[in-house]
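Engineer: Assemble the dimeric complex from its two separately framed chains, guided by the hints.
Chains as they are written, first to last, in the numbering used here: chain D, 340 to 858; chain F, 4 to 130.
If you are wondering where the hints come from, they were derived from the structure by calculation, not from laboratory data.
Heads up, the beta-carbon is just placed ideally off N, CA and C, and yes, glycines get one too.
Errors might be hidden in some of the hints.
Among the chain F residues that face chain D by a calculated CB cut under 10 Å, a handful are [what the hints assert, rightly or not]: (1) G49; (2) F77; (3) I85; (4) G86; (5) I90; (6) T94; (7) A112; (8) L122; (9) L124.
Here chain F is said to cover these stretches of chain D; the calculated rule only asks that three of the stretch's residues, wherever they fall, bring their Cβ under 8 Å from a Cβ of chain F [stated by the list, open to error]: (10) 390-397; (11) 756-763.
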Amino acid sequence: MREKPYKHLRISEHRGGMSRLAVDLPKMAVATNIAIPATAVLFGALGYFIHFAFHFLTVSFIFLTLVNFFYRHVQTRHTLLRNFGIIAQMRYLIESIGPELRQYLYASDTEEKPFSRNERAEVYRKAKNADSSQSFGSLLNFDNHEIKLRHSLYPVDKEFQQPYKVTFGEERKIKNTYTITKPFIISAMSYGALGQNAVRALARGAKAAGIPMNTGEGGYPKYHMMEDCDLIFQMGTAKFGVRNNDGTLNDKKLKALAKKPQIKMIEIKFSQGAKPGKGGLLPKEKITAEIAELRGVPMGEDVISPPHHKECTDAKSTVAFIKHVQDVAQLPVGIKMCFGREDEFRALIKEMKKQKVFPDYITIDGAEGGTGAAPKSFMDESGLPIFKSLPIVNRILKEEKVRNKLKLMCAGKLINPGKQMTALALGADAIYTARGFMLALGCIQALQCNKNTCPVGITTHDPHFQKGLVIKDKAVRVANYVKNLEHDFEEMLASMGCASVKDLSPENVYLPRDAECTT
Amino acid sequence: MNVKTIITWIFQIIPAVILLQTLRFKFTADPMSVEIFTALGMEPWGRILIGILELIAGILLLTPRAVLGAVLAFGVMVGAIIGHVSILGVTGQHGPLFLMAVATLICSAIVIHLRRTQLPLFGKTME
Ligand SMILES: Cc1cc2nc3c(=O)[nH]c(=O)nc-3n(C[C@H](O)[C@H](O)[C@H](O)COP(=O)(O)O)c2cc1C
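Same shape as in the complex, but just chain F (with noise of 0.2 Å):
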């Protein structure tokens, strides 16, 4: 194992463990998800719908299909930035959890950009 491998793979581990250990608040309907989803008028199927989208990616990113986990993260992790800065508010309350969708943004990023040549159909020209 090259240290590019292992440098791969601890910015796969970040955010992985980062989207799965968040999930049990998305499904057991903590109420501060609730409270989330509701602002952002997605409640309940947002809130199951990116819950499931987060764990797709977080097992992902755990597995040689990393990139793939990687750009769901990126998608999300977007999302969940722009809710933030247009609704949720960056600071107070949701403070925190706006600076760990920070963090697996460009955990994620520093992903695809390293294994960006396994992108599918994009892959073959991103040498």
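So that you can see chain D by itself, here it is in the shape it has in the complex (with noise of 0.2 Å):
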């Protein structure tokens, strides 16, 4: 302590010698402690000499008094509370609004995580029509550590332009192909991570604007289908919808769910980049008659997803696991992973060059994807980021000579046209994004999907908060986002100097060499 501005404030000692201001909060505190009471006394003497409604205040700081001697001398589960009474609650009060303050006043507009004002803005702009240009100077920093895109001293004009069209299944030349024609499908989120209100709005917005989404592992696609959009079932470890009660496939139900004319594609999920390796619990309180009904799954017990799909727990069974339900449904089937290791992903490969059966697309979902629920180890630490093991899985496939035999998708933060040219130039023939049309749909990212409290009704089953999503609206801001996209998507290629995306390759991207290349 070198010296005393001021009364409550004082320079003290911090961190080997840096100095900060600081308040002296047991000085405070005995300060606050004392006043309470006085205060009520005080009006109390008011409330008899002078007039009787200052008793008013008295009972108010009455209740003060109470509430302090409570944290004070009652509980004992809060230190701060305990040694320093209601002025500690100070403390938890601001702490607890934080993340809004910071939200809202300091952080700034370019480091929010996981996406920033910036980058939420261009969605917003885009689902909202609203022009997304900029002025006078990138916000981004140039510092030679990020990834950038390269364009071309010959950009293509319109006229040459090839529409974009990729086909599932031409590879096999089965007869159900199905055909995109937007490079932009809405990646898996199932019917219970959100409310039926945000399901279909973006299936509406989906079918408006003609671009497929995937059902997530929710099991029956209820509400998906209900607007009519093109849908790529998945089945997550657990198999909501096409199970046997011991977690196995049930052929009869994915036969069945396979013929209707909406389930265009099926995914196989192994994994995903939020929870890589991770599998789940849904807990019985949280199935009702309807979740039991869609996901296949009995009421009153807890249901577990599995890590691994029960059939698949070597390369041989998992290949042998993509042939049946290629046989079963009929239709194109992809799988969906995190990359991990570089060793297992070759040994697969081989493996179905052995067996000669290929998935029709293998999606990678980077380890910055998001969820609706995971461990924070898990979110924080585990599998490859989409831009570290996208080129790798490219590679690979070229090395093993399969590129040909499958297409390859990828999703993880992608939610803006340049970082989608980034991702499709490093090997993908199509992009996946969740939170691009959860933000699409009004998400302000609060950071609560798991509570079932989603302010912008679109995590959440509480009609209250269900209310402000109104489908109309909102599928209308779905296909105004993929619009927008597809125009910034054919301009992007058009300056790198590309007729269509098979003329995207690895050379139209500037990977800096030791950066973190995290989108």
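Structural biologist: Given below as structure tokens:
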């Protein structure tokens, strides 16, 4: 302690001699703890001698005195409150509104995570069909550590551009191939993680935009189907909707589902970026009659999503399972995974070659991917980010000479045209995004997807919160988002001298060698 | 419904009934009520204001937001007791009213204690 410029503030020693201004909590606490009852007495006196109405204040301060007494002498859980009393509440109060304060006032436009205000604003503007051009200059860094796109000296004129078209299942020459004409797909989000309004708004928007939507692993896609858009049915490790009671595949149910005209493809999910190698548990309290029916699980007991499909324990059984699903569904069948180990992936591909069985597409989900709920350690530390994994996957597929046997898709914060182009150049055939579409629906990144309290009614089943999400209006936003993404996609493609996505190559991307290649 | 819930509700219903059934004296300007508030120097506005506060408290005590009603009732009753002790007297003519105030105070204090985690602002740190 060197000097005392103010009564309640002092310069205190802090971390190796660095000094900082600190509030002298102990002294302020003593003052408050005396002041509260003293004020009660004061008002009591005023009430007695001057006017009885002062006792309204007497009563209030008596109440505060009692609360303070409770904090200091009764409760034992909160150290600060026990030591300092009600004034320490300030800390809890201010701390509890910290995230909001930071988001509203202090966070800069480029620093919020997972998506900065800048990134979100672009999606909002595209969804609202507002001009998303910017002036004066970029707000991002240019330190050679960033991934950048390389344009061409010779942009392609509009009339020479070829329309985007990717056909799944063409490699196997199956009857029910599926063709997309825009490179965007709504990534897996289950009914369960999303409420019904959000699901229907996305589905209606997808229909209007002419893109498919992945159902997520929430079982029978009742709400998705209401809007008549093209669907990719996702089969999670618990196989909700197409399972036997022991968690194995029920061929009959899958066959019946695959026959529905809206179901265009099947996706077997092995893992996802937010929680690679982690299963899940659906607690029995959350299993309503509807969820039990849609997911095909019994009521009254917890349902476990295992970390892997029961049928898949090694490369051989995994490839055999893919083949089995292809045979049963008679549709294009893809797999989804977050990339982990190179040797394992290569072994899987070699096994595919051996059995002459290839999924119709592989989706690589980056470790930066989102989820309704996952343990923090998995979300933060597990799996490879998309711009690291995608080039490796593409390389292995080429080295094994099977890149032409399947399509490659990817996800992981690919919500803006620049990032999407990067992924396409690094080898992807199409882009999956989940949170991009959530933002288009009006997501404000409140980070409460696991709490049923989503303030914008997306990841909640509470009718009170869902009321604000009007399907009709938000479906338009979804369609606008796709339309404006497509516009930027075409312009950027032209700027890189490419007539179609097929002309893109990793040469179009500047990948800094030692950079953290995260989106 | 477990025992604790039932007990909590009993302690909510008692003060709610006391509060609500005395309201008619305040709102109909019963001579005794007028006399009390004249003595406190708050006639008629205090009588109406306290009546409204008691009405809100009584209703809230019968809803899931009971803790708010209990806090309100607690506050009004502390005020009432101060009134009795300092001006109106605790025995004699106003004695029964004083006892009712004490009973309501105790009941609402118990409700506050049992439901303290539901208090706004303070609740989270009151386990
Ligand atoms: C609310 C929410 C629910 C999700 N549910 C699923 C799911 O059921 N199955 C799945 O494979 N991925 C699920 N995901 C992951 C996404 O499909 C996607 O792979 C990931 O979020 C990366 O894309 P993004 O960065 O564009 O959001 C979910 C993500 C979110 C945010």
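Engineer: Which of the numbered hints are not met once you compare them with the structure shown?
Structural biologist: When the structure is compared with the hints, numbers 6 and 11 turn out to be violated.
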